[in-house]
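Chemist: Assemble chain B onto chain A, guided by the hints.
Respectively, the protein sequence lines represent chains A and B. If you want this note's numbering, it's the 1-based position in the first sequence plus 91. If you want this note's numbering, it's the 1-based position in the second sequence plus 91.
Since the list gives no way to pick one copy over another, a pair counts as held whenever it fits inside one copy or between any two copies.
Subject to a maximum C-alpha distance of 20 angstroms in a straight line, what follows is the list of computed SDA-like cross-link-like pairs (lysine to any residue): (1) Lys280 <-> Leu198; (2) Lys251 <-> Phe416; (3) Lys346 <-> Ala312; (4) Lys251 <-> Leu386; (5) Lys346 <-> Ala311; (6) Lys384 <-> Asn301; (7) Lys314 <-> Gly350; (8) Lys360 <-> Lys384; (9) Lys346 <-> Pro309; (10) Lys346 <-> Ala310; (11) Lys346 <-> Ala313; (12) Lys202 <-> Leu118; (13) Lys166 <-> Gly403; (14) Lys166 <-> His226; (15) Lys314 <-> Ile340; (16) Lys172 <-> Asp250; (17) Lys141 <-> Tyr245.
Hints are computed from structural coordinates only; laboratory data are not their basis. Predicted model, so just to flag it, every value in this text is computed and none were measured.
Number of protein chains: 2
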Amino acid sequence: MRLLTVLLLALSAQAEIQFASLGSFRLDSGLTLHDCRIGYQTFGKLNDAKSNAVLFPTWFTGTSNDLRGNIGHGKLIDSDKYFVIAVDAIGDGISTSPSNSKAQPHLRFPKFTTGDMVRSQYLLVTETLHLKHLHAVMGISMGGMQTFQWMVAYPDFFDKAIPIVGSPQLTSTDLLLWNAELHAIEAAKPPRAGMRAVADMHAFALTTPNYRATETTPAAAAKFMSENEQNTPAHFAWDDWTRQLEAMIGHDIAKASNGSMESAAAKVKARTLVIVGLQDHMVNPLPALSLAKLLHCETLEIDSPCGHLTPGCDQARVAAAIARFLQ
Amino acid sequence: MRLLTVLLLALSAQAEIQFASLGSFRLDSGLTLHDCRIGYQTFGKLNDAKSNAVLFPTWFTGTSNDLRGNIGHGKLIDSDKYFVIAVDAIGDGISTSPSNSKAQPHLRFPKFTTGDMVRSQYLLVTETLHLKHLHAVMGISMGGMQTFQWMVAYPDFFDKAIPIVGSPQLTSTDLLLWNAELHAIEAAKPPRAGMRAVADMHAFALTTPNYRATETTPAAAAKFMSENEQNTPAHFAWDDWTRQLEAMIGHDIAKASNGSMESAAAKVKARTLVIVGLQDHMVNPLPALSLAKLLHCETLEIDSPCGHLTPGCDQARVAAAIARFLQ
Chain A
92 MRLLTVLLLA LSAQAEIQFA SLGSFRLDSG LTLHDCRIGY QTFGKLNDAK
142 SNAVLFPTWF TGTSNDLRGN IGHGKLIDSD KYFVIAVDAI GDGISTSPSN
192 SKAQPHLRFP KFTTGDMVRS QYLLVTETLH LKHLHAVMGI SMGGMQTFQW
242 MVAYPDFFDK AIPIVGSPQL TSTDLLLWNA ELHAIEAAKP PRAGMRAVAD
292 MHAFALTTPN YRATETTPAA AAKFMSENEQ NTPAHFAWDD WTRQLEAMIG
342 HDIAKASNGS MESAAAKVKA RTLVIVGLQD HMVNPLPALS LAKLLHCETL
392 EIDSPCGHLT PGCDQARVAA AIARFLQ
Chain B
92 MRLLTVLLLA LSAQAEIQFA SLGSFRLDSG LTLHDCRIGY QTFGKLNDAK
142 SNAVLFPTWF TGTSNDLRGN IGHGKLIDSD KYFVIAVDAI GDGISTSPSN
192 SKAQPHLRFP KFTTGDMVRS QYLLVTETLH LKHLHAVMGI SMGGMQTFQW
242 MVAYPDFFDK AIPIVGSPQL TSTDLLLWNA ELHAIEAAKP PRAGMRAVAD
292 MHAFALTTPN YRATETTPAA AAKFMSENEQ NTPAHFAWDD WTRQLEAMIG
342 HDIAKASNGS MESAAAKVKA RTLVIVGLQD HMVNPLPALS LAKLLHCETL
392 EIDSPCGHLT PGCDQARVAA AIARFLQ
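In isolation and in its complexed conformation, chain A is listed as follows (with noise of 0.2 angstroms):
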């Protein structure tokens, strides 16, 4: 019974998502995407203004029904209110993926980077929604360095940028964190066999220390981390971890400006809100402070032991500076 629940659950959430058909589409690298497909889910309504549309990429390993949590009345973001956009980033298992790919499977699928995300989404907003411009683009994690991206790379899209939680450019201890987690899957062979350590890791970093050696006692440790082990896996397929983790190795929203994190600050027109957790482990919050200063711009700062998740431990204090801000 709870199983069949479960499974009309996801299969009610799955009737809801909708794809755009890019077809064949040209990444940064040269290299080209076949049948290209980005997934999205909409919520709320457009108003005759059109003036109300936020887009919502998703974060690493996430998927458009992941972000559900986080949109509605009391949420990240209002659905009442705002016509909300969550879109599927490349290589999340639902949009075009290395997991889903019938023309280039696994790791014949491309390498992408955050740009090609970005710019996927603007021709989805675009050419199949048919939108001219966007009020907002919010994200959290992965999806607020895609916020970041956008920012750089359509300026004049959209009026009100929230990165939640995310980063302009990568520190050494970010990349240090996302080289481990790839040279894990890299040697291990079956390549899923090293999803096992990366499990373990990504638990390790999305919080801060005391933060799980408290919630978690020493009795219920082997527990939560097999479960970990077990779920991690389940829910996000090695090989799309793989290609996400190298397009967040690779994210630079200065790269296209000679690598000048100023010239790439004076291109950005939205008015902008940095949320950052100054206890994030996962994703070090120094280069986002940074911008919002070359910005001078508002910054929420929370220091709270739930590190990287903070986001949904202070939903309510997130929701209340995204509503105030997006008025």
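Modeler: Structure of chain B alone, referenced to chain A:
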């Protein structure tokens, strides 16, 4: 020329290492280590009363050579005053180890515990060095874990204990980290290929993320990472890494007291100074601080972004506290 100097230094350092031969050594598991040899180096002079001996076991992946930087006047332990016995923990590549055992090479080397390390050291001290008492036992990181184990295993044998960034019992966050490293090696083919991910992960957890992000700029990150990935497996063999990891994963000084840390604490007779880094992300400080409360003992709690490297970053402060405590 530089290589020659390094070689001569290595030879001169190696020349100082002596070995205690323990023969067949029965492990906690009931299995036997064949031809068990324990490496050690001594610094300073034993006084006539034989009352100034301090035992200093190695940290995880460290050897008695690596301890040298912490021994001497002005260092963590003053060898002008104390007879310092730096001892190589089982599995460190100097003492009997998976990487150097002819009878039980690689993973045919049986698993061992921190209790086994400590018992081998007790035999070295009593049967080879013919000491009936130690003034103190001290150690850093896994050396601190061994110090906690000494406190419950041989409570009458020494007067003072100084566990530094060690732990009496692992938390869920420690278990996630060490299992991430273990599982990366276990899934890799050949196992040594897993050390690349392990090196990244280890560096990620050694300090706070903000410390690493600030110390190593994005421009310097690639060099830092690749040097670390090469040096880590060159310094310490994957099979030794595996077995010492397993020793830490099983470490719990309450195990012999039916899981009761109160009962374990009641065994302790040594006056104790617990030194922790409050921002230590590699060995969580909470269990050491909880035990310190049970012991009503002195603590030195350092709040430094150096994290697990705090004893090195704050060497003068730690050395001063130890010098005062030992007097």
